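Chains A and B supply the protein sequences, listed in that same order. At position 107 of the first sequence the residue is numbered 107 (our numbering), and the sequence of numbers has no breaks. In short: position in the second sequence from 1, add 258, done, that's our numbering.
Worth flagging that the hints you see were computed from the coordinates, not collected in a lab. Be careful, since some hints might not be right.
As the list claims (entries may be wrong) - If we take Cβ atoms under 10 Å as the criterion, some of the chain A residues that face chain B in the derived model are:
# : residue
1 : D79
2 : F107
3 : P108
4 : A164
To be verified - Distance condition first, Cα-Cα at most 20 Å in a straight line; then the derived DMTMM-like pairs of lysine to aspartate or glutamate:
#  : chain 1 : residue 1 : chain 2 : residue 2
5  : A       : K129      : B       : E375
6  : B       : K587      : A       : E114
7  : A       : K150      : B       : E373
8  : B       : K587      : A       : D24
9  : A       : K73       : A       : D24
10 : B       : K499      : A       : D85
11 : B       : K499      : A       : D30
Only a predicted model underlies this, so the values are computations on that prediction, with no experimental measurement involved. Think of the CB as a built atom: it goes at the ideal place given N, C-alpha and C, for glycine as much as any other residue.
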Amino acid sequence: MSEVLTSAATVPGGTGEPIIEVMDVSKWFDDFQALKDVNLTVGRQEVVVVCGPSGSGKSTLIRCINRLEKHDKGRIVVDGIELSDDIRNIGEIRREVGMVFQSFNLFPHLTVLENITLAPRQVRRKAKKEAQEKGMEVLTRVQIPEQATKYPGQLSGGQQQRVAIARALAMEPKIMLFDEPTSALDPEMIKEVLDAMVELAQSGMTMIVITHEMGFAREVADRMVFMADAEIVEAGTPEHFFQNPREERTKQFLAQIL
Amino acid sequence: MTATRPYVEEPLPPAEPEGPPILKIGLRRWLKENLFSTWFNTLLTVVFAALLAYATYKLARFVFVDARWEVVQRNITNFMVFHFPRAELWRVWVALFVLAAAAGLGVGAAGTRREAETAEGRGTRVAGRGLVFRRVAPLIALVVVLLLAARSLTAALLVLGVAVTAIGFRLLGRSLPARAFRFVVLAVLAAIVAAFLVIIAFGGVPWDDWGGLLLTVFLAVAGIAISFPLGVLLALGRRSKLPAVKLVCIVYIELIRGVPLITILFMAVFALGFFLPAGTDPPSTVARALVGLILFTAAYVAEIVRGGLQSVPTGQIEAAQALGLSPTKTTRLILLPQALRAVIPALVGQFISLFKDTSLVFVVGLTELLAVAEIVTQQPDFRAQGLIVETLLFVAFVYWAGSYWMSRESQRLEQRLGVGIR
Numbered sequence: 001m002s003e004v005l006t007s008a009a010t011v012p013g014g015t016g017e018p019i020i021e022v023m024d025v026s027k028w029f030d031d032f033q034a035l036k037d038v039n040l041t042v043g044r045q046e047v048v049v050v051c052g053p054s055g056s057g058k059s060t061l062i063r064c065i066n067r068l069e070k071h072d073k074g075r076i077v078v079d080g081i082e083l084s085d086d087i088r089n090i091g092e093i094r095r096e097v098g099m100v101f102q103s104f105n106l107f108p109h110l111t112v113l114e115n116i117t118l119a120p121r122q123v124r125r126k127a128k129k130e131a132q133e134k135g136m137e138v139l140t141r142v143q144i145p146e147q148a149t150k151y152p153g154q155l156s157g158g159q160q161q162r163v164a165i166a167r168a169l170a171m172e173p174k175i176m177l178f179d180e181p182t183s184a185l186d187p188e189m190i191k192e193v194l195d196a197m198v199e200l201a202q203s204g205m206t207m208i209v210i211t212h213e214m215g216f217a218r219e220v221a222d223r224m225v226f227m228a229d230a231e232i233v234e235a236g237t238p239e240h241f242f243q244n245p246r247e248e249r250t251k252q253f254l255a256q257i258l
Numbered sequence: 259m260t261a262t263r264p265y266v267e268e269p270l271p272p273a274e275p276e277g278p279p280i281l282k283i284g285l286r287r288w289l290k291e292n293l294f295s296t297w298f299n300t301l302l303t304v305v306f307a308a309l310l311a312y313a314t315y316k317l318a319r320f321v322f323v324d325a326r327w328e329v330v331q332r333n334i335t336n337f338m339v340f341h342f343p344r345a346e347l348w349r350v351w352v353a354l355f356v357l358a359a360a361a362g363l364g365v366g367a368a369g370t371r372r373e374a375e376t377a378e379g380r381g382t383r384v385a386g387r388g389l390v391f392r393r394v395a396p397l398i399a400l401v402v403v404l405l406l407a408a409r410s411l412t413a414a415l416l417v418l419g420v421a422v423t424a425i426g427f428r429l430l431g432r433s434l435p436a437r438a439f440r441f442v443v444l445a446v447l448a449a450i451v452a453a454f455l456v457i458i459a460f461g462g463v464p465w466d467d468w469g470g471l472l473l474t475v476f477l478a479v480a481g482i483a484i485s486f487p488l489g490v491l492l493a494l495g496r497r498s499k500l501p502a503v504k505l506v507c508i509v510y511i512e513l514i515r516g517v518p519l520i521t522i523l524f525m526a527v528f529a530l531g532f533f534l535p536a537g538t539d540p541p542s543t544v545a546r547a548l549v550g551l552i553l554f555t556a557a558y559v560a561e562i563v564r565g566g567l568q569s570v571p572t573g574q575i576e577a578a579q580a581l582g583l584s585p586t587k588t589t590r591l592i593l594l595p596q597a598l599r600a601v602i603p604a605l606v607g608q609f610i611s612l613f614k615d616t617s618l619v620f621v622v623g624l625t626e627l628l629a630v631a632e633i634v635t636q637q638p639d640f641r642a643q644g645l646i647v648e649t650l651l652f653v654a655f656v657y658w659a660g661s662y663w664m665s666r667e668s669q670r671l672e673q674r675l676g677v678g679i680r
């Protein structure tokens with residue numbers, strides 16, 4: 001593919017000041033290469049939507065950013081800190097990067113509020129009361145403060161995912177990563193989760209979102225990134241991406257999902 | 259209204275929301291459908307009813323008419339403590355009262371806290387009034403049997419006193435505010451240590467003079483209390499990324515699981531001397547047997563806990579990591595609570611096993627409950643009269659009361675933690 005098409009991935013949007021820099025990153029799972037020399041720069045307050053067929057390396061890419069996966073080659077710098085084997089660096093980055101998973105991953109043995117206050121208390125060492133106040137604040141932000149004392153198993157999928165967003169927000173992260181946050185939801189619950197994410201994007205949060213919700217992408221994305229076969233195939237503004245995709249693979253993919 | 263317009267029917271009450279149909283069938287129909295539906299079923303019912311009636315009759319006749327319970331009654335102190343010096347028996351009573359108070363206080367305070375949590379809208383209610391009775395039923399049965407066996411009014415009053423203390427302190431525990439719970443936990447732990455010290459320290463009676471039920475309970479409680487954390491550490495070690503730690507844990511677990519408990523007990527008691535530096539006094543037999551029981555149980559606990567650890571989805575750990583929790587905190591706050599909750603039935607099963615396996619220490623010369631049952635039939639008054647049936651029945655009952663109580667507590671704990679619900 002041409003350099004021109006993918007170079008759009010390395011120009012930060014948002015405020016123009018880069019907060020995430022992924023440079024020539026490769027990753028293998030045994031013999032399978034999940035990422036091939038991937039370059040991506042995300043600017044402060046930018047919303048980047050990543051899409052692509054399954055197995056294309058989208059999840060691996062964002063999981064490398066908070067070190068749930070270790071990249072084998074290249075460099076990743078998050079908010080000025082380079083991800084290395086230094087445990088302190090990893091801890092520091094994870095404090096600043098919130099993550100929302102496809103399968104929610106709420107802690108089933110803790111109440112909603114306990115789920116949310118756990119990390120602020122244990123990692124940020126906040127006092128119980130302060131953490132609880134912050135917890136109620138973020139729960140109100142995702143519009144389910146009344147569920148605070150319930151257990152995750154008592155909530156609907158949409159509510160659980162909103163709790164997961166609130167749990168990440170309670171750490172007051174600078175960056176939020178979303179790994180297919182609506183893929184495990186029943187259709188009628190997708191909107192409530194997307195609404196929370198739109199609100200978050202409009203508040204100026206830096207976000208990388210893996211999703212196939214193209215309506216959401218059109219509404220809030222500053223930049224679209226299309227991945228296939230472990231590479232970034234094409235990147236650009238939503239208008240450009242949806243109306244004039246240049247790569248054949250992008251066109252095929254869009255034809256299938258739109 | 260209806261008086262002036264008699265032709266208008268009373269308005270129908272709003273329709274009740276339709277629930278599932280309730281099937282009510284009479285006893286007669288139930289019997290016919292379940293026990294006498296075919297000639298073959300009828301035959302089975304009759305035959306087994308007859309067998310059951312016969313067995314019940316024989317057992318009841320033996321227990322209430324034929325059995326010579328004198329052997330148990332005259333030896334009740336032997337069954338409880340065996341060669342524990344009689345002059346020091348007050349220590350055991352003091353310990354019993356302290357433990358009863360602690361247990362009552364703990365149960366009461368836990369109840370208050372549970373109510374507070376339910377009021378907050380969290381926690382799973384354990385429903386049913388009969389539950390309280392079912393929970394303590396095995397203990398009540400034990401108290402009743404001990405009262406029947408008590409030979410003096412003093413002993414009977416003391417047994418009753420212990421029971422009343424437990425009930426009284428439960429009321430006290432109920433009246434405490436919910437936030438006092440953590441102090442109550444400390445108080446209960448202190449009471450257990452105090453009860454132990456009252457018996458053994460301050461000029462008390464060393465382990466090797468303990469016997470009967472006292473020894474059985476001590477071995478079981480100490481065994482559970484130490485083998486559980488040890489087993490958890492072994493399970494975590496077996497999953498460690500450090501090859502040395504992992505190897506040590508695997509070798510330990512597989513070695514111990516490959517050897518019968520009796521062998522381990524013999525080795526702990528007779529072979530331990532070889533491993534000690536020359537000249538050191540070997541620890542007492544009770545201590546060595548206890549070490550054997552702990553080493554054995556820890557290996558099994560480790561495998562049970564490992565099963566629990568594997569049942570926790572990776573996503574849980576990833577979520578904890580993504581929030582910035584350290585590996586230690588992830589294990590302590592996320593992994594272990596879920597893993598242990600999943601294996602409560604298996605864990606309690608292992609502990610019930612340990613409680614009963616303490617009877618094996620008789621092979622190394624200790625006189626715990628089961629050994630007493632054998633020994634007392636050798637007494638001049640009871641020799642060669644086949645009284646082992648009576649003593650075994652009594653001992654079996656005591657084991658049953660303990661095991662069944664543990665089993666019920668485990669089921670309660672599961673309900674309380676909502677296992678299978680959330």
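Evaluation of the provided hints:
1. The interface hint given for A:D79 is broken, as the beta carbon of that residue sits about 14 Å from the closest beta carbon of chain B, more than 10 Å.
2. Hint status for A:F107 relative to chain B: holds, with the closest Cβ pair at about 6 Å, below 10 Å.
3. For A:P108, the interface hint holds, the least distance from its beta-carbon to any beta-carbon of chain B being 5 Å, beneath 10 Å.
4. Because the beta carbon of A:A164 sits about 8 Å from the nearest beta carbon in chain B, less than 10 Å, this interface hint is met.
5. Taking the CA atoms of A:K129 and B:E375, the gap is about 18 Å. The hint holds against a cut of 20 Å.
6. Taken as a hint, the B:K587 and A:E114 pair is honoured in the structure, with Cα atoms around 15 Å apart against an allowance of 20 Å.
7. Proposed proximity of A:K150 and B:E373 is supported: the alpha carbons are some 16 Å apart, at most 20 Å.
8. Restraint check: the Cα-Cα separation between B:K587 and A:D24 comes to about 33 Å, which exceeds 20 Å; the hinted pair is violated.
9. Our distance criterion of 20 Å between C-alpha atoms is met by A:K73 and A:D24, whose separation comes to about 7 Å.
10. Taking the CA atoms of B:K499 and A:D85, the gap is about 15 Å. The hint holds against a cut of 20 Å.
11. With a C-alpha separation of about 18 Å, the suggested pairing of B:K499 with A:D30 holds against the 20 Å cut-off.
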